[in-house]
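Once you've looked at the hints, dock chain B against the given chain A.
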Amino acid sequence: MTASSGPGISLKLEGLGWGIKNELPYVVVDIQRAGPSNGVATSVAQGDFYTVRYGSAGGNHALIAVSPKSVQEAFDLTIECFNLAEIFRCPVFLLCDETVGHTREKLVIPDPSKIKIVERKKPTVPPEQFVLYPLDDDSVINYPFPSVGEGYSICVSPYTHTSKGYPSTEKVDQDKMARRLTNKIMKNVDKLTRVEKKYLEDAEVAVIAYGASARPALAAVEKARENGMKVGFLRPIIVWPFPDEEVYKVAERVNFILVPELNTDGQMVREVARAAKGKAEVYHLGSGGVETHLPDEIWGEIRRLKK
Amino acid sequence: MTAMAKETPLVHPLVNQYLRPERMPHLACPGCGIGQVVHCTLNAVAELGLTPLNTVWVQGVGCSSRLSYALWKGDSIDAHHGRIFAVATGLKMCRPELNYILFTGDGDCASIGGNHFIHACRRNLDVVAIMFNNGIYGMTGGQVAPTTPLGASTTTTPHGNFEAPFDLCKVAEAAGASYVARWRAIDFKPLTNSIKKGIRIKGLAFIEVLLPCATNFGRYVLKTGDPGKVQKWINDRVVTIKKAESMPPEELKEKVLIGEFVERERPGVVESYQSMLKRLKEV
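As given, the protein sequences belong to chains A and B, one line each in that order.
The first sequence begins at 39 in our numbering and counts up by one.
The second sequence begins at 1478 in our numbering and counts up by one.
In case anyone wonders, no lab produced these hints; they're calculated from the structure.
Being a predicted model, the structure only gives us computed values, none of them experimental.
A hint or two may mislead.
Quick list of in silico lysine-lysine cross-link-like pairs, BS3-like style, CA-CA up to 30 Å [what the hints assert, rightly or not]: (1) Lys-1550(B) / Lys-152(A); (2) Lys-154(A) / Lys-1758(B); (3) Lys-202(A) / Lys-1550(B).
Pulled out of the complex, with its shape left as it was, chain A reads as follows:
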């Protein structure tokens, strides 16, 4: 496990690619802050949404990012990140932001016996029968992984590998490996959809937000409801892979979607627009960061767009 704010994450991206390629379980905490570069130290923003997903050079992979909105969730989801990393054998991000990172609020630590922990699976076959990388089945998860010193002669490297871990420059091996690294997550996307939904049944407008932005967003939605406007709320908790189907279902039902997020370039809003497939208008409410949106800013934007 490793943790840093955005500028530190850019330094760690090199090791990220190595972990992705070798199917290693990492948990990486990214406390997003206002950038680019060092930007405003210890100030909130949401600019690493694509960095965590695409920051590793070379493409040919998918990965998992989970985003908490509170201290309790940061605790619970960190445990979940470890479990997902073991199941999917890939780096998993806890995509936080400075607000969640510095918030002090009530935390309930459950009894350790109540916490679900996924233990690493170990090979049950002798070393000569064990296949280190299951390249012929690109969707298999929960695959066993031996450690050094257990007699399995493991080969880990930065090079494109065969199922034994030997380096290869063959197109067929590269293709197999790239598909495996992408599909083990994308073919199991049903196991990786987690969202919070509120007031969507009769909604004519939806607000979609994640992390710290989700809190003022939900407050704005509730203010709209108090004022008789049918506004719903959706929060992706697992943000990568992006919950396409859930967003599409919302888009089918509403007239427009507002995405408040703490960047000026529009990051998650692009994924929302892609997943909406033209079923609803999608708008971005951006900010350079330093402070989260106020509920009234989001509520004001909903009213402005409604007109």
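This is chain B only, laid out in the frame that chain A set:
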């Protein structure tokens, strides 16, 4: 390649005992000294009775590493470029009972991995690190390295290298490694002995090996493709520590010392860490 591997007679018994025959023949250029260093390593391993089960080979990126990767019958971990000491630190701290032999190059260790190298020496990480120094970026086509001699022309310094090279042994000594030595790849016996010492010693053993690279160092710096001439160039430059003692300083200016520079008792990081854990448990 596979068919050829089957036909190649594997004469040396150490190859069958410790290496993966299916990974032969290896990738070294003619005249390269990496094969000799691997041979010395296998001799040291055999003489100390190490096995593929209790020993892990760790590599970085470059000729040093691509040539030694997945050769060892046991676990073979190849780090991303320059991060060999970071990866080895993780491995050693998690599985301290295993022996780790690191193969890195001058580019991997001194340039991109320079910072990790210094800190591994400071922590005195309990591994043997063998650094192949061919004075150039060999695998990528002859670019200047932090070990390239002053004035040498390379593909990226066509008008001569205007930067002074690093002395990695001095860096290792200053940073705190328990054992520091430098040999040529052809110094078969002393190199083998140094690797043996390195495996036994507590803390970090850093062994630099001067390696002839005819393919790129020969071609661009010495204007020759003859491995013998590259080796002779190395031979003319090196002086043993003992001989250097009786030489005047002006004669030593262009020389590179070989021998054992440091051998000292300093706790390795594993010991320091475990004694901290013990102390905390007592509290």
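Going through the hints against the structure:
{"no.": "1", "hint": "Lys-1550(B) / Lys-152(A)", "in the structure": "42 Å, violated"}
{"no.": "2", "hint": "Lys-154(A) / Lys-1758(B)", "in the structure": "27 Å, holds"}
{"no.": "3", "hint": "Lys-202(A) / Lys-1550(B)", "in the structure": "12 Å, holds"}
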